[in-house]
Amino acid sequence: MDLAFSPEETAFRHEISAWIRDNLPAGWGTPEFKEPKTFEERLEFSRAWEKRLAEAGWAGISWPKDYGGRGTTLMDQIIFHEEMAAARAPQIFINFVGINLAGPTIMAHGSEQQKKRYLPKILDMSEVWCQGFSEPNAGSDLANVQTKAVLDGDNFIVNGQKIWTSFAHVADWCLLLCRTDSSVAKHKGLSYLLVDMHSAGIEPRPLKQITGEAEFDEVFFTDVRVPRAQLLGEMNMGWTYANTTLANERGPAFLAHQIRFRNSLNDLFDSAKRTMRDGVPVAEHPAFRDRLARAYAEVEIMRYIGYRLVTSILRNGRPGVEGSIAKLYWSEMVRRFQETSIAIAGLGGMLDDEDGFDGGKWNRGFSMSFAQTIAAGSSEIQKNIISERVLGMPRGEVWAPKPKEKV
Amino acid sequence: MDLAFSPEETAFRHEISAWIRDNLPAGWGTPEFKEPKTFEERLEFSRAWEKRLAEAGWAGISWPKDYGGRGTTLMDQIIFHEEMAAARAPQIFINFVGINLAGPTIMAHGSEQQKKRYLPKILDMSEVWCQGFSEPNAGSDLANVQTKAVLDGDNFIVNGQKIWTSFAHVADWCLLLCRTDSSVAKHKGLSYLLVDMHSAGIEPRPLKQITGEAEFDEVFFTDVRVPRAQLLGEMNMGWTYANTTLANERGPAFLAHQIRFRNSLNDLFDSAKRTMRDGVPVAEHPAFRDRLARAYAEVEIMRYIGYRLVTSILRNGRPGVEGSIAKLYWSEMVRRFQETSIAIAGLGGMLDDEDGFDGGKWNRGFSMSFAQTIAAGSSEIQKNIISERVLGMPRGEVWAPKPKEKV
Amino acid sequence: MDFDFSADQYGLRDEARRFLEKQCPVSHVREFLDDKAGWSRDLWKQMADLGWMALPFPEQYGGLGQSFLDLVLLLGELGRSLAPVPFLSSVAMAGQVILAHGSEEQRARLLPGIASGDRIAALAVSEQPQGFGGTSIDMHPTQDGDTWHLNGEKKYVLDAPAADLFVVAACVGDQNRWFVVEEGARVTPQTTYDPTRGAGSVSFDDAVADPLEAPFLFPGLQLATAAVCAEMIGAAEKILDMTVEYSKQREQFGRPIGSFQAIKHKCAEMATELEAARAAAYYACWAVASGAEDAALSSHIAKSYCSDQLAHLAGEGVQGHGGIAFTWEHDMHLYLKRIKTAQVFLGDGPYHRERIARIVGL
Amino acid sequence: MDFDFSADQYGLRDEARRFLEKQCPVSHVREFLDDKAGWSRDLWKQMADLGWMALPFPEQYGGLGQSFLDLVLLLGELGRSLAPVPFLSSVAMAGQVILAHGSEEQRARLLPGIASGDRIAALAVSEQPQGFGGTSIDMHPTQDGDTWHLNGEKKYVLDAPAADLFVVAACVGDQNRWFVVEEGARVTPQTTYDPTRGAGSVSFDDAVADPLEAPFLFPGLQLATAAVCAEMIGAAEKILDMTVEYSKQREQFGRPIGSFQAIKHKCAEMATELEAARAAAYYACWAVASGAEDAALSSHIAKSYCSDQLAHLAGEGVQGHGGIAFTWEHDMHLYLKRIKTAQVFLGDGPYHRERIARIVGL
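Line order of the protein sequences matches chains H, S, E and P. Numbering (the numbering used here) for the first sequence: 1 to 407. Numbering (the numbering used here) for the second sequence: 1001 to 1407. Numbering (the numbering used here) for the third sequence: 2001 to 2362. Numbering (the numbering used here) for the fourth sequence: 3001 to 3362.
Rather than coming from a laboratory, the hints here were simulated on the basis of the structure. Treat the numbers as computed from the prediction; the structure is a model and nothing was measured. One thing to keep in mind: the hints can contain errors.
[What the hints assert, rightly or not] Quick list of in silico lysine to any residue cross-link-like pairs, SDA-like style, CA-CA up to 20 Å:
hint : chain 1 : residue 1 : chain 2 : residue 2
1    : H       : K208      : E       : S2040
2    : H       : K37       : E       : H2028
3    : H       : K37       : H       : K361
[Claimed, not checked] For the chain P half of the interface with chain H, some residues (derived, Cβ under 8 Å), not all of them:
hint : residue
4    : A3007
5    : P3025
6    : V3026
7    : V3029
8    : F3253
9    : G3254
10   : P3256
11   : E3316
12   : I3324
13   : I3356
[As the list claims (entries may be wrong)] Label-pair restraints from in silico Cβ distances:
hint : chain 1 : residue 1 : chain 2 : residue 2 : range
14   : H       : R274      : E       : T2135     : 47 to 53 Å
15   : P       : D3205     : S       : K1037     : 54 to 60 Å
16   : E       : G2361     : S       : E1035     : 24 to 30 Å
17   : H       : A48       : E       : L2033     : 52 to 58 Å
18   : H       : R274      : E       : S2027     : 50 to 56 Å
19   : H       : A48       : S       : R1336     : 30 to 36 Å
20   : E       : K2022     : S       : M1235     : 51 to 57 Å
21   : E       : D2004     : S       : G1027     : 42 to 48 Å
22   : E       : G2361     : P       : A3037     : 49 to 55 Å
23   : P       : D3174     : S       : R1336     : 47 to 53 Å
Don't be surprised by glycine CBs; every beta carbon is placed ideally from N, CA and C.
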């Protein structure tokens, strides 16, 4: 057990931190900086920023050089995330799916030809990805995906509907989970297709969410032709591959999430120090002080849990089922954190946007926090997985994937 | 809606409060009073006190005069409980089962002959009752009772084992739930027998519990003969009648429980005021003040819930399924309350008995609090009942009694 | 001992529910979501025709001579339907404060307009995002002969954009009391987190302010607090109903999700929180309406419990719905925001528990 | 980055588990339940033969030259088996304080006996039921030439009945520091809530006290705190194991209760609390052992989380077992009492969170 960083890692840390300092978007972090407001503004802003990162070679630090990556270590990747967060640099946004979900899945299961074709274009920002997982009737029961892909000569013909697809209307490609065999148990008939989002028959529609904004799309597929060569890996192995995607969502990015929350926590502490209640700052008020300290402890523990996940990947080559424990921990933690933050907004939380406390950011954070315990496997699903796969308790219910399907 | 008491009720309140003041055991409530310590001492003490109450006619206030009661109202009964608690008089102990469980069940389902035979002797303390419900394999699944009663001429022959039976080794009678038909669905083959505890073949054994004391017994029945006339009500109606017993456990006695907790809360407040932490009394310390106020609110809300239960009984003649909500509320509240109390004992809670904080009473309270969420229908069982019977959600599980069996 | 509503009161509730389901479906509520100052004047007029605003006021002030208790279930129905009208503010809060604290002259002057629905009153108390009542009120009226003037700004004033007159908490010496401002208040409508209702800041620049006769915030503030709780109960009941109903319809893994214990037990816990909140809110309503000894205590108990437990219930309602509750089209988020806003309005949980602690001598 | 134990460390854990399952079944633990001053000298001797007490001490003091980190999993096994020996007190708390704070002479004098198991040391800090550290320490030694004397009483001293020498926190000027009392301490064994371990009060009547060289409570107190957390993890793991195992065996309604979501989700939540507690405890152990910058902070984080979350876990374990856990014969209550006692020992949750708040500048 040694949590210290090596001299090489520390040198890399200095290199990346200097680069970030010198390359942040002009004015970023100053009070004068005009933050992008609408989703479209955020897209445009993040495209420029992520392009700059990509050009400097920071997009795929731990990806092999053959696929356009830097070819160094997972630790360097983590250090990059840490320094980005420490500098409060703009978060990876438009390229998030490509780098964190689609890329690693293609790397794990794609053919050499597919890796060479797709991975470099993720890293150089020439192609944006989205992911087609959830459907209206495949939420908790993800294996119930109904979007059909039927082979017709050298093409699949795809029909169906996806929901909660980020970036669908700007993406070039979609990592699409669809049904290729309806005659077998539902999780056994799924495949992954790499779908050109510019194909005829694809219609993304913005989905207005709880905050009034539309960060997600619904996507309708009508007789979309997808060349057979766009099948990822083997036919009907989609469920297994999907677990890779989900596991990656809980891998190194976990520590990036952690630092993001630490930044939010620091912002909340600042608000708590300058907001008065009963003659003392809220940070010192009995109603909040213990609660804020508890939030700090919980966010730090998320870091420790992240280190254990990383160690497990370094030792075993992949994250284990404990990823579900980590997901449950942090998503429930986020809910508590956002409950605390909106409580600190107090009556200010009655108002929103420019009229709100801290510009309504805690309102948005509170509203969005429900996504954490619902999306990417709800807390109920995680508890099923933990009880059955980690603790070996009897199924008795049909909610979670069967233990024997475990990957 | 009117929660005020009538002049007659207020007059009764004065009468009972004066009587209690004049009749408390000598020295009770003074620092010199030597409280009974062992279970046997408590039995002896309570027998004398409850006898005095009985002789004064306070034992069955709302029971009909024909059965030895005072024949007045449920409200008078409640006022009696309130004044007993307000005076911190010794709680009903040895006669608890007779007055609160066996008596009302016999009153509801017994023959006229049975009522005349048993009820007056409960009230005049000449016969003590216990109750035989739980078995090692019939806990949450109470309908799984395996103790068998087989008709042999004019007698039932009883064989089996009960657990968690209070007062079994001093009781004269047992309200026994047993199986009289094994050929039907398990809850359809149960009957209630009134069993003479002095019969041959009954062996109570003290069951040492979490506190190291033995407040309960296991009871073994071996070829016990019970005259057929001791069947309560109809054959195979035991499950329905048992619900009466359980409902009574959550009826008027609910308000007595509430006041008992208010007394405990006051004791806890006293401790919190005289124990210092960081230079201030614990009652004013940020770590505890909000928590104590919350406990106060929760205990008061239990009173309001009790009033709603009583109103429901007064309007409809019986408590409704909302009794399960009340049970869940108060048992979980007790758990939180005892968590708070042991927290206030602090390091003092490391020690117990004479060496403990407040003589170890909060340790015992904490240990015993788990009984609340487990006994008389665990919290899990209550949630099944609430979701299925109150909210009408689909069964899907076999845990709770079927909705159609509802009484 | 009768801790339940009368047949007449339940009758009014049923009538109100039928009326609101017809006249105020959520589609009607949604017409006003994007309008900071918008509210349903149509619905208001119909409610006035039904006599709802007149209900709790004595006949000599144009009322129907019923009591505050007759409002309780009606407020619940307005919460359940998210009705975009200033009933809570005007009738159940400001109107009740005037009734409880006003002189005969003040009542006769102010209440008939409120009881007819022609004038709308709002309650203005807070100035800061944190803290409530007591020393958090820092508006000090100035006296000029018999005339008082107010200066400064009140914030987080519910229904301010709809209001014609304001009942304002201000501090004279070391005593907070109520003032009525009929003219000269400048309202800035603001974007609300709960988009179904309006709120804003109200500033006074030497506005003439008429002090209500009884020189305390209590019992008026207790009545207003109990009224907020009563409204919250209706919204919370609807959340539970929606969640149970959805769980019966929504199938995953080939079964209604309401057949899974994870969902069933969540709903059972919500039902238990709701029943406790109901008992607390109704008890407080009775206690403040009848001037019971524990009126103040019970209003703090009710609001502290409703604030924190019903907010918890609302969150569980969202979780019970899953992703669908996260869409703007689904109504769940409107209820979530309604409850979250009510949670902090007129004092949050910690505020009310501190009051409890003081009253019980901790 | 390697946040896991080594193969050797896991090897020692496995060996310890096998040894303790054989030599310290619960039936052995139960032999001492009714004896205030009792503990297993037999087991202690066998552990000494295995070299466990020598493990974390440098060779020049009779140790095996391993580190505090090598103790972590071993402490867990002692927690898991409820071993009735003063290992935590003597080796992982008092011994580590002497190692961290003592002068060369003090170490050479005191540690060999501790490392061999011949002498048993205990840590004496608290004097009051509430509050911890800081101003709660009100014992002020007097100085007479080069000799210090202690007067007064320390309470809640774990393993006091077994101890030969005491490492005592006392206050000089405005600084708390450690003193060693080898003779003249008067121990009163007391009835403990957790009957598997001894505790008592220790009073001093002009007892000669040797001040450890480094004049602060830290880092010694952090080491002791991290050690308590490490031991709690083992007990909590056992609770989860027992609960899962019982749920698979126990049938109600014709099915193992572990097939019901109510029980499965309870166990999943316990597993999640346990993993977070483990991460926090192990991180703190690493940080204090290696003198990391966030050593103090991480020990407060670990103890605050372990205190409150593992106590919650223990309660859920009881609930998961139902009535059987309520019997004296079943072992569950011993674990519950172990965790509840550890919850308040060396500072409860609120104490450690207040320390966090101060360190992070709230």
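Of all the hints numbered above, which does this structure not satisfy? Sort the numbers upward.
Hints 1, 2, 4, 5, 6, 7, 8, 9, 11, 12, 14, 15, 17, 18, 19, 22 and 23 are the ones this structure does not satisfy, whereas the remaining hints hold.
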